[in-house]
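So the sequences go chain by chain: H and Y. Numbered according to our numbering, the first sequence spans residues 1 to 341. Numbered according to our numbering, the second sequence spans residues 1 to 341.
In case anyone wonders, no lab produced these hints; they're calculated from the structure. Only a predicted model underlies this, so the values are computations on that prediction, with no experimental measurement involved. Mixed in with the good hints there might be a few duds.
Just so you know, same-sequence chains aren't split out, so a pair can sit in one copy or run between any two.
[To be verified] Straight-line Cα separation of at most 16 angstroms, EDC-like style, residue types lysine to aspartate or glutamate; simulated pairs: (1) 110 with 87; (2) 50 with 113; (3) 110 with 91; (4) 306 with 72.
Protein chains: 2
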Amino acid sequence: MFKGQVTIKDIAKELGISPSTVSKALKGHRDISLSTKQSVRDLVEKWHYKPDPIALSLKSGLTKIIGVIVPEIVHYFFSTVISGIEDLAYDSGYHVMFCQSNESYEREVKAVETLLSSRVDGILVSVTKVTSDFNHFRKIQENGIPLVFFDRISSEIDTDRVVVDDEVGAFDAVKHLINIGCKNIVHLAGPQNLQIGKSRKDGYVRALKYFNQPINNQNIISCDTREEARIVVPELMKREKRPDGIFAVNDLTAVEAMNMIKECGFKVPEDVSVVGFTSGMISDITTPTLSSVEQHGYLIGREAVKLLIDRIEKKHNLPSQTIVIKTEMVVKGSSKSARSI
Amino acid sequence: MFKGQVTIKDIAKELGISPSTVSKALKGHRDISLSTKQSVRDLVEKWHYKPDPIALSLKSGLTKIIGVIVPEIVHYFFSTVISGIEDLAYDSGYHVMFCQSNESYEREVKAVETLLSSRVDGILVSVTKVTSDFNHFRKIQENGIPLVFFDRISSEIDTDRVVVDDEVGAFDAVKHLINIGCKNIVHLAGPQNLQIGKSRKDGYVRALKYFNQPINNQNIISCDTREEARIVVPELMKREKRPDGIFAVNDLTAVEAMNMIKECGFKVPEDVSVVGFTSGMISDITTPTLSSVEQHGYLIGREAVKLLIDRIEKKHNLPSQTIVIKTEMVVKGSSKSARSI
DNA sequence: ATTAGCATTTCAAACGTTTGCGGAACTATA
DNA sequence: TATAGTTCCGCAAACGTTTGAAATGCTAAT
Numbered sequence: 001m002f003k004g005q006v007t008i009k010d011i012a013k014e015l016g017i018s019p020s021t022v023s024k025a026l027k028g029h030r031d032i033s034l035s036t037k038q039s040v041r042d043l044v045e046k047w048h049y050k051p052d053p054i055a056l057s058l059k060s061g062l063t064k065i066i067g068v069i070v071p072e073i074v075h076y077f078f079s080t081v082i083s084g085i086e087d088l089a090y091d092s093g094y095h096v097m098f099c100q101s102n103e104s105y106e107r108e109v110k111a112v113e114t115l116l117s118s119r120v121d122g123i124l125v126s127v128t129k130v131t132s133d134f135n136h137f138r139k140i141q142e143n144g145i146p147l148v149f150f151d152r153i154s155s156e157i158d159t160d161r162v163v164v165d166d167e168v169g170a171f172d173a174v175k176h177l178i179n180i181g182c183k184n185i186v187h188l189a190g191p192q193n194l195q196i197g198k199s200r201k202d203g204y205v206r207a208l209k210y211f212n213q214p215i216n217n218q219n220i221i222s223c224d225t226r227e228e229a230r231i232v233v234p235e236l237m238k239r240e241k242r243p244d245g246i247f248a249v250n251d252l253t254a255v256e257a258m259n260m261i262k263e264c265g266f267k268v269p270e271d272v273s274v275v276g277f278t279s280g281m282i283s284d285i286t287t288p289t290l291s292s293v294e295q296h297g298y299l300i301g302r303e304a305v306k307l308l309i310d311r312i313e314k315k316h317n318l319p320s321q322t323i324v325i326k327t328e329m330v331v332k333g334s335s336k337s338a339r340s341i
Numbered sequence: 001m002f003k004g005q006v007t008i009k010d011i012a013k014e015l016g017i018s019p020s021t022v023s024k025a026l027k028g029h030r031d032i033s034l035s036t037k038q039s040v041r042d043l044v045e046k047w048h049y050k051p052d053p054i055a056l057s058l059k060s061g062l063t064k065i066i067g068v069i070v071p072e073i074v075h076y077f078f079s080t081v082i083s084g085i086e087d088l089a090y091d092s093g094y095h096v097m098f099c100q101s102n103e104s105y106e107r108e109v110k111a112v113e114t115l116l117s118s119r120v121d122g123i124l125v126s127v128t129k130v131t132s133d134f135n136h137f138r139k140i141q142e143n144g145i146p147l148v149f150f151d152r153i154s155s156e157i158d159t160d161r162v163v164v165d166d167e168v169g170a171f172d173a174v175k176h177l178i179n180i181g182c183k184n185i186v187h188l189a190g191p192q193n194l195q196i197g198k199s200r201k202d203g204y205v206r207a208l209k210y211f212n213q214p215i216n217n218q219n220i221i222s223c224d225t226r227e228e229a230r231i232v233v234p235e236l237m238k239r240e241k242r243p244d245g246i247f248a249v250n251d252l253t254a255v256e257a258m259n260m261i262k263e264c265g266f267k268v269p270e271d272v273s274v275v276g277f278t279s280g281m282i283s284d285i286t287t288p289t290l291s292s293v294e295q296h297g298y299l300i301g302r303e304a305v306k307l308l309i310d311r312i313e314k315k316h317n318l319p320s321q322t323i324v325i326k327t328e329m330v331v332k333g334s335s336k337s338a339r340s341i
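My request is simple: use the sequences and hints to build the entire structure.
Pasting the structure below:
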């Protein structure tokens, strides 16, 4: 019909009125007569006029785009969160722009710059494992752009956050292992510069204390990837006092731990019970299925977007909030031991 | 320093020159003297001026945004593709906007509308399992927006495509099963309205023919989800003539098939060899690890973006191309049978 | 007949950038 | 001393939309 898209000008020309009249008619402005409004609406309908978001953005200074930075997309937990972000954002009239940092500090910094120069209305971040300098996040705030952290947060930046109750989740996981009779529980821990790594370890320690089990530093081992598990777990199984329970900081590590245990000639859960953290699809796929702590990633995504949009639209002016999503211990095959109650 | 962002006007005012001079200086226009250029560049540097993409879009009619529609994000193959899309798009100066259709036709239509009204420069789509009407894709083309299909394509729409060589991949998988001695291979097939479902079945059939094995329609069963596998596979194992090989249309189905086989008291791969399609992370996690056909999702993503950007930037005007990405049979634990050569 | 009041519409500026054209100031040639 | 050429810069319009202010045409009251 026209080159590209129908504009408000085309409508105006056709109807022999001015663009401003059309604009006001569409907004239901009381200045405009009913008959004019009707004819504008009719033509809009007929020509499938859609306002140009770019012109709107230029006027309003808002893009209706939310930027998201995640360490990886190819990752069950993060893709679940993204799914939640996407769903609520679209329902609220926002679009979503993704960047993955690939667990690299440089790429994270670049992603921030990219999103800022795209003039997004707000930014959602889960930081990389290696980030220890947070100035790029400060820059976001200096630009007046709302910022919400989820899951992997930084405690140095004062902003809204959505986190999982990692400490309680870990406590519950270890409590479960103790309940089914484990006496020598090892924790495969995440990086301690990250809040989640620290909290999960804290929960582990608190559970042992609470149930009067000895805390052995040798039982807290830094190991949060499959590659590390491949090395660490066989050594564990060679110990004089073999572990009878393993609480891993994430599912992938837990799964590899299970595989290593089996390779060393032991059985899961009969000889060693294993519990992971995330409870995604992979926990259903393994043999045995993996007991794990469900993090409700989809919900985390939704809550994070909700917080962010509230800030963008200045629905309130409260100090920074932190929303804690409850975890849930999901018992599956890797910890239903014969020793269970 | 200024409200929000530094604009070309701020620079102009500070330097006592006009905005157009600043613009031309930044573009290296020969009209502008070296000294002016230098002072502009200095101030740009000092004030961290970044051109406003929105104003640029309004002028050029281009957004430098690519829209992507995938059935699901929480899915190993698709998140791999997305990862490839993201990487190359950003390197080429484009941003990426995602929509997931959640395998729903209505959501797919809505996603198309959303992206069109966002004025994206091009769209990448992998269609849902249930889409049989393709008019929403025609609308994209009518708007003059380049469109590239990947993996799950529609043959009704004439456009660029990036697909996996499903037929050959399936042929290779079945060839492998035959090579290790399988005589009664079942195919758990995908929906036949989808090209990939059809091609993989075709490859299965061709391989049997090629190696002079009988083709039995009872051995081609529609089953492409874990839920279906849970029902279908136990029935298979009760057959008089038990299958000794299973070629599943995707990994998740293959994994569930393995689990069912084990639940029925048989062993993988000793009694039944299993081969899947996708070869993602999950194929390493299961016990035994799953032999599967690698699809190179990351590469698919990159190729699709490359095709799209070529169209957007009108680098050529060739008729629609179809790029075929070679698959690769990855032999792991679920098919290294004792009968193997 | 003048004016106030009202309903309806248009004008013009703005958002930040680009770009063809015209113009000023200068130098060089005839 | 004109004239032509060169170098450098600003003007204004354009992209599509919004919005306060100004203008138009009308009716009704004085």
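How the hints compare with the structure:
1. 110 with 87: This pair counts as between: shortest inter-copy Cα distance 12 angstroms, intra-copy 26 angstroms.
2. 50 with 113: Between copies only: 10 angstroms across, 31 angstroms inside.
3. 110 with 91: between (29 angstroms within a copy, 11 angstroms between copies)
4. 306 with 72: neither (22 angstroms within a copy, 22 angstroms between copies)
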